[in-house]
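If you read the sequences in order, they're chains A, B and C. For the first sequence, the tail end lands on 215 under this note's numbering, and the numbers increase by one without skipping. For the second sequence, the tail end lands on 404 under this note's numbering, and the numbers increase by one without skipping. For the third sequence, the tail end lands on 647 under this note's numbering, and the numbers increase by one without skipping.
Simulated from the structure, these hints should not be mistaken for laboratory data. Owing to the predicted nature of the structure, the values given are computational and were not obtained by experimental measurement. Treat the hints loosely; a few may be bogus.
What the hints assert, rightly or not - In silico lysine-lysine, DSSO-like type, Cα no more than 30 Å apart, as pairs:
1. B/Lys294 to C/Lys640
2. C/Lys640 to B/Lys270
3. B/Lys320 to B/Lys294
4. B/Lys228 to C/Lys408
5. B/Lys233 to C/Lys579
What the hints assert, rightly or not - Pairwise CB distance ranges, derived in the manner of DEER restraints:
6. A/Leu57 to C/Val573: 20 to 28 Å
7. B/His310 to A/Val36: 50 to 58 Å
8. B/Glu253 to C/Ile430: 36 to 44 Å
9. C/Gln422 to A/Phe185: 54 to 62 Å
Just so it is clear, CB atoms sit at the ideal spot from N, CA and C, and this is done for glycine as well.
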Amino acid sequence: MNIFRFEFLKLSRKSRGWLGPILVFVLIMIAYPLTVEVSNLELGQSFFSVLWIATLLVMMLATEDIFLEDYNDGSLEQLSISDGNLSFVIAVKIFIYWMLIGIPISIIGFLFCIGITNSSQNSIYVLPIILVASYIFINVFSFGNALSLTKGSVLGTLVTLPLLLPLLIVLGKVIVAINFGLNYFGFLLLLLGILSIIIFIVPMIISYIIRAHLE
Amino acid sequence: MNQIVKAKNLSYKINEKKLFQNISFDLNKGEAIHIQGENGSGKTTLLRIICGLTKPSKGDLDISTDAKITFLGHKNALKQYLTIEDNLSLLNLIHHPNLDQFLQKFGLDGCLDLNLASLSFGQQKKIALLRIFLNDSNLLIMDEPCVGLDNQTQNYLSNFINDELKLGKSVLFSSHIDLDINSDKLNLS
Amino acid sequence: MIKKFIHQFASPKTYMFQVNRAYPYIFYFSVIIYSLSVFWGLFLTPEDFVQGNSYRIIYLHVPASFISQSLYLAMAIASAVYLIWKVKLSVYLVRSIAPIGAITTFIALISGSIWGIPTWGTWWVWDARIVSTLILFIMYLGLISLHDSFNNFEKADKFLSILVIVGSVNIPIIKMSVEWWSTLHQPASITLSEKPAIDLVMLYPLFGSIIGFAGIVTCLVILSSKFQIFRREKNKSWVNDYV
Numbered sequence: 001m002n003i004f005r006f007e008f009l010k011l012s013r014k015s016r017g018w019l020g021p022i023l024v025f026v027l028i029m030i031a032y033p034l035t036v037e038v039s040n041l042e043l044g045q046s047f048f049s050v051l052w053i054a055t056l057l058v059m060m061l062a063t064e065d066i067f068l069e070d071y072n073d074g075s076l077e078q079l080s081i082s083d084g085n086l087s088f089v090i091a092v093k094i095f096i097y098w099m100l101i102g103i104p105i106s107i108i109g110f111l112f113c114i115g116i117t118n119s120s121q122n123s124i125y126v127l128p129i130i131l132v133a134s135y136i137f138i139n140v141f142s143f144g145n146a147l148s149l150t151k152g153s154v155l156g157t158l159v160t161l162p163l164l165l166p167l168l169i170v171l172g173k174v175i176v177a178i179n180f181g182l183n184y185f186g187f188l189l190l191l192l193g194i195l196s197i198i199i200f201i202v203p204m205i206i207s208y209i210i211r212a213h214l215e
Numbered sequence: 216m217n218q219i220v221k222a223k224n225l226s227y228k229i230n231e232k233k234l235f236q237n238i239s240f241d242l243n244k245g246e247a248i249h250i251q252g253e254n255g256s257g258k259t260t261l262l263r264i265i266c267g268l269t270k271p272s273k274g275d276l277d278i279s280t281d282a283k284i285t286f287l288g289h290k291n292a293l294k295q296y297l298t299i300e301d302n303l304s305l306l307n308l309i310h311h312p313n314l315d316q317f318l319q320k321f322g323l324d325g326c327l328d329l330n331l332a333s334l335s336f337g338q339q340k341k342i343a344l345l346r347i348f349l350n351d352s353n354l355l356i357m358d359e360p361c362v363g364l365d366n367q368t369q370n371y372l373s374n375f376i377n378d379e380l381k382l383g384k385s386v387l388f389s390s391h392i393d394l395d396i397n398s399d400k401l402n403l404s
Numbered sequence: 405m406i407k408k409f410i411h412q413f414a415s416p417k418t419y420m421f422q423v424n425r426a427y428p429y430i431f432y433f434s435v436i437i438y439s440l441s442v443f444w445g446l447f448l449t450p451e452d453f454v455q456g457n458s459y460r461i462i463y464l465h466v467p468a469s470f471i472s473q474s475l476y477l478a479m480a481i482a483s484a485v486y487l488i489w490k491v492k493l494s495v496y497l498v499r500s501i502a503p504i505g506a507i508t509t510f511i512a513l514i515s516g517s518i519w520g521i522p523t524w525g526t527w528w529v530w531d532a533r534i535v536s537t538l539i540l541f542i543m544y545l546g547l548i549s550l551h552d553s554f555n556n557f558e559k560a561d562k563f564l565s566i567l568v569i570v571g572s573v574n575i576p577i578i579k580m581s582v583e584w585w586s587t588l589h590q591p592a593s594i595t596l597s598e599k600p601a602i603d604l605v606m607l608y609p610l611f612g613s614i615i616g617f618a619g620i621v622t623c624l625v626i627l628s629s630k631f632q633i634f635r636r637e638k639n640k641s642w643v644n645d646y647v
């Protein structure tokens with residue numbers, strides 16, 4: 001339980017770490033309608049693409065130094081020496097990031113979705129999708145940033161983006177499914193399936209990578 | 216089991232470039248080893264190998280199974296944006312019965328809710344040293360513990376270590392300054 | 405025992421010796437096969453009923469796209485061998501395949517674009533197969549830049565092989581996700597399970613061109629791996645003797 005408390009303490013006291021990404025997300029959501037001079041109806045049609053891309057970019061921004069700070073100040077080497085389970089700590093860290101950034105973003109995105117598409121029916125469907133998708137995004141970006149730990153986030157992005165493009169394709173299909181009333185739960189199950197694998201494997205891979213970085 | 220660390224013919228190389236070769240030593244309970252050497256001779260690497268962070272390129276390293284390591288490296292594992300109190304709770308030291316005594320000794324008792332960033336380098340080092348002073352382990356590993364410390368604290372540290380040695384703990388440290396610790400010398404060249 | 409066998413067999417020195425012996429045979433064989441098939445394909449086969457002469461670029465396009473994916477598979481296997489048995493040679497191979505893979509993927513993309521202009525009237529569409537090839541291309545670039553960003557070769561090797569393996573999980577996912585897209589791209593002309601959707605007259609030279617292209621790419625990989633081995637083992641005595 002202590003680990004949850006510590007990770008929460010570390011992230012919540014660093015307001016630019018979690019508030020910054022959320023504000024960027026809000027900014028995108030507000031700025032996007034300003035740049036499109038069309039009727040509200042057409043605005044709703046391309047809204048979802050903007051929503052997915054904004055989620056992707058904000059998660060990228062949020063995880064930029066998820067391990068870098070702990071690496072630079074030596075916390076990671078202390079963790080690695082102590083008997084604690086490194087991959088569990090990493091899983092907790094990723095979870096806290098999702099809790100403080102992913103969940104607020106999902107709710108804000110959901111609210112904007114109601115506002116812009118004027119359809120609370122469809123927006124309810126979007127909420128679980130964006131919750132799951134943001135968790136997957138955080139996991140995959142954490143993997144990329146662990147690989148390029150000391151080498152900057154450009155490399156991390158280059159390495160991770162190919163892994164995420166298929167997911168964006170799936171998210172695009174989800175919107176089609178929602179709009180035409182097709183099999184929506186199949187996609188949700190697929191995303192949940194991907195998440196449930198990732199949630200165990202990614203922390204293990206990351207802890208291996210971090211041990212190699214500390215060498 | 217009297218022996219804590221047994222190192223035999225340790226060698227380390229990076230990209231085929233040799234750092235040190237054939238280092239052997241034994242460390243028993245109640246003993247200290249002072250690792251000496253020029254800059255870049257691999258002192259830090261040797262300490263990290265003993266911590267298990269780095270693997271030696273060659274050689275055998277036996278660390279007794281009941282060894283519990285406290286490591287103080289160059290990086291002090293403290294968060295600049297947190298208060299001293301939060302930092303101590305991250306280190307799991309905030310409820311330690313002897314904490315107040317040490318804080319008083321270092322003149323830090325009144326400012327637990329200050330941000331760490333507002334302390335000087337030496338004061339931050341003292342907070343990091345609390346990990347050594349309040350340790351619950353039997354193998355203390357310190358990498359240049361005296362950097363940034365005033366004479367008074369250096370003396371206090373060496374006295375403290377000598378007391379710990381009498382309690383049967385083992386100590387490995389590297390330092391450029393000659394500390395007044397009853398230790399064997401190990402020269403990396 | 406397996407470990408010992410692999411280490412003995414897969415020493416860079418033995419590899420270099422064997423490869424040097426085989427290289428000229430592979431090279432001349434594949435160049436001859438490829439030029440014969442291309443000649444056959446370009447001049448001895450009839451025009452396509454729908455696409456006219458433009459379809460003849462398949463003798464470059466199909467081998468390139470096929471090989472670009474196969475190379476990734478080869479990298480994934482070599483990475484697994486490196487992570488499990490710590491065979492240095494296999495990670496040298498991974499690193500040397502990466503740029504060749506990027507080149508073949510690039511050829512596949514470009515030749516596809518050129519083919520697209522007469523056939524679809526556009527050189528680029530956001531189509532399933534094209535996007536998955538593009539993703540593959542980005543992955544190759546990512547692998548190369550990841551490996552080159554570390555000064556410590558051992559770290560770089562570890563990270564490279566992890567990324568290759570994680571990326572290989574991505575390949576079936578790409579396939580799956582893009583299958584759902586509506587696509588302009590024709591389905592694969594040759595599959596293992598079904599009867600080819602292409603006339604036999606065109607099929608034989610196509611097979612020949614794939615084999616020839618694979619041989620040429622193998623030669624490139626061999627050259628590239630020799631470069632990597634020299635770069636990594638330049639302090640070893642056998643390399644000095646060799647040079």
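Results for each hint:
no.: 1; hint: B/Lys294 to C/Lys640; result: violated (45 Å)
no.: 2; hint: C/Lys640 to B/Lys270; result: holds (22 Å)
no.: 3; hint: B/Lys320 to B/Lys294; result: holds (22 Å)
no.: 4; hint: B/Lys228 to C/Lys408; result: holds (23 Å)
no.: 5; hint: B/Lys233 to C/Lys579; result: violated (47 Å)
no.: 6; hint: A/Leu57 to C/Val573: 20 to 28 Å; result: holds (24 Å)
no.: 7; hint: B/His310 to A/Val36: 50 to 58 Å; result: holds (57 Å)
no.: 8; hint: B/Glu253 to C/Ile430: 36 to 44 Å; result: violated (52 Å)
no.: 9; hint: C/Gln422 to A/Phe185: 54 to 62 Å; result: holds (55 Å)
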